[in-house]
Amino acid sequence: MKREKAHIIPPAERAHPDLSTGKYLVMWQGPQHPGITGNMSLRLIADGDTVVDCETHVGYLHRGFEKLMERRLWMQNFPLVCRIAVPEPDFNEYCYATALEELAGIRIPEKAVWLRTFSLELMRLASFLMWIGGQAGAFGHGTIAQWSVTMRDYVLDLFEELTGGRIYHMYIIPGGVRGDIPQGFFQHVLDVLKTVEKNLDDIELVMFHNAIFKLRAEGLGYIPPEWIDQYGITGPNARAAGVQRDLRKDLGYLAYPRLDFKMITGTKSDAYERAKLRLLEMYQSISLLRQIIDMMPKDGIFRGKLPNPLYWKIPAGETYVAAECTRGEYGFYVVSDGSDKPRRVAVRGPSYTHAVSVMERLARGTNIADIAGLMVSLHTYPPEIER
Amino acid sequence: MNDMESALAERYGAWNWHDQRPDLASVFLESSKTHDALAWLRDSEGYRHLSFATAIDNIERNVFTLTYTLRNHEKRHSLIVHCDIDRGKPLMDSIHLLWGQAWTYQREMKEWFGIDFPGSPRVDEEFVLEGWAGPPMMRRDFDSLAYSDATYAERPGRVTHDPAAHMKAELYPEVAE
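Protein chains in written order, with my numbering: chain A, 69 to 455; chain B, 5 to 181.
Derived by calculation from the structure, the hints in this document are not laboratory data.
Heads up, the beta-carbon is just placed ideally off N, CA and C, and yes, glycines get one too.
The reader is advised that the hints may include incorrect statements.
Claimed, not checked - One side only, chain A facing chain B, incomplete, derived with CB under 8 Å:
(1) F133
(2) G399
(3) D408
As the list claims (entries may be wrong) - From the derived model, a few chain B residues whose C-beta atoms are all more than 10 Å from chain A:
(4) E9
(5) E130
(6) E178
What the hints assert, rightly or not - Here are the simulated DSSO-like cross-link-like pairs (lysine-lysine), alpha carbons at most 30 Å apart as the crow flies:
(7) K344/A / K262/A
(8) K336/A / K79/B
(9) K93/B / K409/A
(10) K409/A / K172/B
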């Protein structure tokens with residue numbers, strides 16, 4: 069068939085340096101390296117201290133989740149899905165549970181809508197707290213990492229109180245959530261939010277007004293706005309380039325349409341702008357959590373009735389459910405053939421494009437000392453690439 | 005029939021349009037027309053964002069169903085584009101010139117399903133399965149247990165129990181005896 073003329077994106081030019089000249093240095097950053105996000109590695113070729121070529125290598129954490137899910141009952145997959153994005157498991161639970169509910173025609177109670185929104189926003193805050201420690205650490209601010217990891221631990225305490233688990237919660241399940249609000253829980257949340265907010269003020273002062281951080285992060289890893297669609301960039305990486313996209317607004321899922329918040333965008337699209345934007349989104353999450361606590365129905369059921377999970381067959385069909393996680397569009401594509409197991413589950417994690425195509429392109433021409441800062445500024449989690 | 009559905013049917017012979025939700029639909033195309041239809045959807049219809057691409061092994065029909073999910077952010081609508089390719093000769097046009105990250109999805113599909121995308125950058129390089137010598141692992145007929153038994157040695161000193169008998173003995177020893 070004759071091709072119609074389409075606007076094409078030329079592949080990023082690679083250097084292909086002649087390594088036999090001895091002019092270049094090949095080095096691996098990762099998989100065990102403080103300047104890498106999780107279990108992945110970058111194969112860097114440097115000319116002096118400038119990176120001329122970068123390849124992302126993943127697979128160190130591949131556990132075959134998508135294959136495993138095809139052989140387990142629908143409900144048996146919940147202990148698997150939360151492990152796909154370790155620091156942010158709840159988005160996996162939400163997307164998978166919502167996909168199942170949509171295919172099976174299940175509606176969830178009002179209280180579960182709010183508890184799910186609460187859980188996702190609290191997770192967002194915890195994940196950003198972990199990220200900001202990494203971002204500061206990549207530029208030599210180890211103290212900030214200690215502060216933020218402590219704050220994250222306070223948030224994990226809240227998850228433990230609500231769900232019984234600190235890291236993996238398995239709280240969002242089909243039909244609603246797994247448990248009700250413990251007595252006195254929201255007062256604990258409000259106390260922690262106050263502490264975190266105070267700590268964020270300190271971080272803002274120490275990190276974002278620091279001359280070294282500004283000098284190194286400003287202009288680093290500039291993402292042109294035209295790359296956003298070309299590379300499928302989402303989340304803060306896209307919003308820092310001035311693109312108005314946030315699935316909480318665009319899809320209007322859960323209780324988000326009833327909450328008062330504005331989309332935060334930037335203009336400069338470099339590592340500093342992305343960091344600043346994420347800091348503002350942390351304050352925004354705190355505000356959203358307070359609104360949720362105010363507006364959430366305190367009574368009522370938190371979970372509807374489900375069929376027997378051991379014999380649960382979901383009608384044939386397919387759907388794609390997405391949510392705005394800290395890194396952008398997180399989605400589950402689920403296909404049912406009418407049996408008691410998924411026919412296919414494909415996970416769309418934002419790191420897939422950010423850590424591979426975008427990172428490889430941005431790394432070229434970057435000073436080798438800034439690679440770690442650049443990598444963290446894209447906020448990537450390898451497990452969602454490998455699944 | 006909506007405007008998009010009829011335009012896709014008229015221009016590219018699309019069929020089986022299905023509205024899953026107000027903001028999500030799916031459609032089927034011939035594989036030979038999929039590349040051009042995706043380019044048209046991107047350039048003329050505002051579906052500029054490629055969320056992901058993957059494949060489904062429909063072994064019963066002897067086809068791989070390729071799945072491209074696009075999003076029009078202005079209309080707040082996503083479209084899943086499907087096409088079937090022969091499972092015995094899994095070849096598909098590459099879309100790496102339409103989206104900058106598409107080559108990674110194609111590299112993954114080559115490794116996981118054995119689907120080739122001629123011309124796609126680094127499509128033959130290993131992605132997540134370093135040193136993998138077996139058949140593509142996401143195919144339905146890949147027997148992971150048989151592969152594991154044939155490839156990896158059992159560590160000495162491990163004991164395997166029948167779960168039901170073992171738990172019965174642990175929890176209810178008087179009955180087990």
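Handout entry: Indices of hints not satisfied (ascending)
Key = 1, 3, 5
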